[in-house]
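K.L.:
Join the two chains, each given in its own frame, into one complex according to the hints.
Respectively, the protein sequence lines represent chains X and S.
First residue of the first sequence: 1, per the UniProt record's numbering; consecutive thereafter.
First residue of the second sequence: 1, per the UniProt record's numbering; consecutive thereafter.
Simulated from the structure, these hints should not be mistaken for lab results.
All values reported here derive from a predicted model rather than from experimental measurement.
Treat the hints with care, since some could be wrong.
To be verified - With a straight-line cut-off of 16 angstroms between C-alpha atoms, the simulated EDC-like cross-links for lysine to aspartate or glutamate are:
no.	chain 1	residue 1	chain 2	residue 2
1	X	489	S	60
2	X	288	X	246
3	X	288	X	249
4	S	44	X	191
5	X	489	X	191
6	X	488	X	291
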Amino acid sequence: MEAFNNLMYGFGIALEPMNIAYVFFGVFAGTIIGMLPGLGPISALALMIPITFAMEPSSGLILMAGVYYGAIFGGSTSSILLNAPGVAGTVATSFDGYPLAKQGMAGKALAIAAYSSFIGGTVSIVFLMLVAPLLGKVAVSFGPAEYFALMVLGLTAVVSLSDKSLVKGLIAAVVGVMISIIGIDLQTGTERYTFGAAHLLDGIDFLVVALGIFALAEVFYMLLRGGGGKEQPRNAIGSLKLTGRECRDIAAPIGRSSILGFFTGVLPGAGATIGSFLGYSMEKRLAKDGDTFGKGNIKGVAAPEAANNAACTGSFVPLLTLGVPGSGTTAVLLGALLVMGVTPGPAMIESRPDVFWGVIASMYIGNIFLLVLNLPLIPLIAKILDMPRPLLLALILIFCMIGVYGMSFSVFDLLLLLGFGLLGLGMRLFGFPAAPLILALILGAIMEESMRRALQISGGDWSIFIDKPISMWLLIIAVLSLALPLVKKAIAGVRAQA
Amino acid sequence: MTRLNVNQILALCLALVAVGYLAMAWQIPNFPLPRPVDSDLFPKVLGFTLLGLSLLLFLEKPKAQDIPDELDPNEQAQPLLLRPWSRVVITSLAIVLYALLLAPIGFVVASTTLSFGLAWYYGYRRHGVNMAVSLGVVLALYLTMTKVMDVYLPTGILPL
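Isolated chain S (complex conformation) (with noise of 0.2 angstroms):
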């Protein structure tokens, strides 16, 4: 069997989208009034011009833009939370943290030990620096835009 390329798992994957958008572009509800164009239409357009781009993806023959570099072998031979994906992975994950820690938190602590965290964690080891950077600039942050701009950011557990 003829293995698939780069571009034919992407077009199926892209065609899958395609099929799902379309199947809710049929669920959209008529407008009760009788109109030449309803809300339906766009996405059915779009749908099925996606649908027929996977089609002319499927059929494109890949060239070395398409296909991600091999990564860096050194980078991938460090302990498993500092290689390249765990980074990516740990990044995503600690800004969902930062997303629900917000709000209770509030947004000096949680930026600031995000800002911090993230530095140490890619490798910064001048930590006092690291510190009074993150803060600063947080704090710089925090203040233009709460007594300057009069936007609302939440204080969390320190009394700003």
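So here's chain X without its partners, still in its complex pose (with noise of 0.2 angstroms):
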């Protein structure tokens, strides 16, 4: 009942008119940037921060509350129609819904999105209210073992769920948490792998590797396959409408990722990404036609849709509660609140209901506005799809090379996005999954950095890892999930010959 009246507090607050125009606004905005490979909701968010600097707090945090979530679906939808993931919390969306869209179903795999998102997004709001001061409990239990063991299990999770060489998968993954440590190490200021590039100081950015890996080796691997030389006949949008079978196959998985998603993101540095590979994972080990996950399931669209639009809820858990931004993308919002005269913590619940009830209750709002907006919009999203193919393909290179220097201003960031696009298309030619070496290249740094602390509390103890239970059972879950998958292989092997 308490949380019930807070809420209708908030509903108070998020529906002065002022507010609904800034959800509206936040949401818009979000999305259409989210859409432009290259821009994600970290930069989106820091672009508000100067609009945000004289608004009232609660104002402030619902404007990029609704930029947030508004960019996560909008990266699903150039994941969808290009192959062209700009934000990490949708590559997961781009492995069903990306064939779905060559097979002439771009419409309903957008509408898949716009749905499970909307779905996602509240389910988890309502956990969000109930839960978040005993869950930001939970999360803080959790030590840098424990933090180490879950991305263990990120990593095995997704190399697991991945139909190419389980071998290969691991590999990719090696590299990607090889290229996340080029740069200085932050703990003792030592240069690694850095060959004596200035440029490399700071690492290799996230988009860089995300853009090359998957835009670019697709434009190149079209290339090479005859896609650029000659007009291909042209994909159908398809109807956005939904069977009732279609329903009914995407209603369970929604809710399982949902609330997948919602505990993921309440994980400080899992959020949105893992939340979605997990969901995926999750749904392609449950579904009885898991073999055609990546060739066009529209299960492998709901379940990765929902769950980072969930874990970006569940990611303003330890943000509001316990003042610890649990990605990127909430460090940036932590920033904006600070400026603001706002402190989130533990204390903020008290001392500032308004800023709390009204974020809660103006995220309804925007998922209201979320589907509301980009339902209608869809068509033209998807008219994308009718433009010539030569066009097409020196465009997404065009936005590509845009999305690297906007970001750095750095030619060197320009021949390094060239580099992993020959990478891509080598992986892709002869094998090698691209997914795991894109999550290990966002976890390696925080895996590396868990791992250390947990070994100079032990004092370079390796069995810290198996002495902590959480930390046990993730570690036997992770190698569990790469075995289960031999295992498999093992006893069909077996019947074959039998």
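P.N.:
Here you go:
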């Protein structure tokens, strides 16, 4: 009852005309910016800081929350239509979204993404509202050993979900971690693998690798397969309507992934990316038609989309209740709140209920806007597929260049982009999955930090990872997630021989 | 002598990378104060893991998905500059050229030229539409980024 009263108080704030306008503007701007490969939620939120500076804190955070989940949803659009995820949290959406688009069902994939995002977001808001303080306590009990084990589990889950060779998946993951540690070691100030290049001191940005491995490699692959030189038959956008059977098919994956995504989002460092990958992985394992994942299965779009939006909401839990940002994006949000004179933490629910409950209520309104805004826009957005292929390929290249250059202003990064494009092409030709590399790149630095902090606590004793029950169980699950596909394959081999 | 398969060739290349990576890991300087874990530990773990995985890859039989498909013979019969691999090489060279010329000639000219030129090279022959779309998209992005988002992009030879 108390939560209900608080929520009503929050709606009183969120439904003020100016705040409704801010939610609408935030969701709209976030969706548009998120659609552009290269401009993700962090860039979008950073751009909003000057705008929110003079606002009431509750209004400022309401606007930024709208931008955040708008950008995550917008990112799924470029993943589905162009196989160019500008946002890490929508990489998993491209696995089945892009094949669906190629089969002429782009409209359906985008509609599923819109519905799943809406439901994932809404379900997770209920969780956020009811159990935020409790979940904050669970998340804060995670030490470095548990975080390291969680990262390992995130990686092995992604490797094991690939249809491709397990060994090649693991190699891709190791290479991703190797890329992530390039630059100055923040704990000791030591340069590692920079080859003396000043440009590499800060490491290699996620965007350069993601756009190279996915978008540029896709362009190269199409050029190699003759997609550039001649007109190809147009893929129809297809209907936005879902059949009753399709709705039934995606209902359970959306429900499960919403809950999973929320809990993943609560854990600092995990967030939308791991949430979406875990959601995808879980549904692939549970589905009877799991072998069609990666080839255009609608559940493969619904699960990561519900999970990533739910995780976005989940990531507000540590931010609002503990003052700990769980991701780069919520770190920007924290910075914006501090600029506005609000210090998030356990006392904020009591001291600034207008901010806490106003944001929660605005999330409900924002999710409705997200659906209302995006469904009518889908046919317009999907028109991008009608563009002649040679022109589209050239424009994807330009988007990649602008995304990278607009972020770093570095010609060196453009050359790195080309390098990763060629690496992505090689990986694709020789059967290496790209997803483990990208996830490892995102997790690598946190993984190393957690591992080193854990070993420092234990004085270099590796048994710390199995002495702690949560860490031990996470590692056991990680090993099982790798072993199960091998056992399955062995059983299938024995059956085939019998 | 038995010929090596695709996986074995890849495994040898990756093993070489792993050995080089490990050699560099051993050259990472130690932190002046003694610590249980230093900057070189994680790279060493990664290097040995990659070496071990290379060995496993060497022993793994390649499947159909591990071997690149044959290229279309009709595409291969085209003039040298239009063959599939030539398209990849020329696009790569165009990107290098773009990166080098971006600052001197400016974002709008460099990006429009790259977009128009590549679309033409890939076979799009409606030059008017090509120019209009290339220039329109580049200008829209340029104005959005410079005027709305306050992101600086090089103006080069144009007084924009």
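K.L.:
With reference to the structure, classify each hint as holding or not holding.
P.N.:
Results for each hint:
no. : hint          : verdict
1   : X:489 - S:60  : holds (14 angstroms)
2   : X:288 - X:246 : holds (15 angstroms)
3   : X:288 - X:249 : holds (11 angstroms)
4   : S:44 - X:191  : holds (15 angstroms)
5   : X:489 - X:191 : violated (43 angstroms)
6   : X:488 - X:291 : holds (13 angstroms)
The structure fails hint 5 only (numbered hints given earlier).
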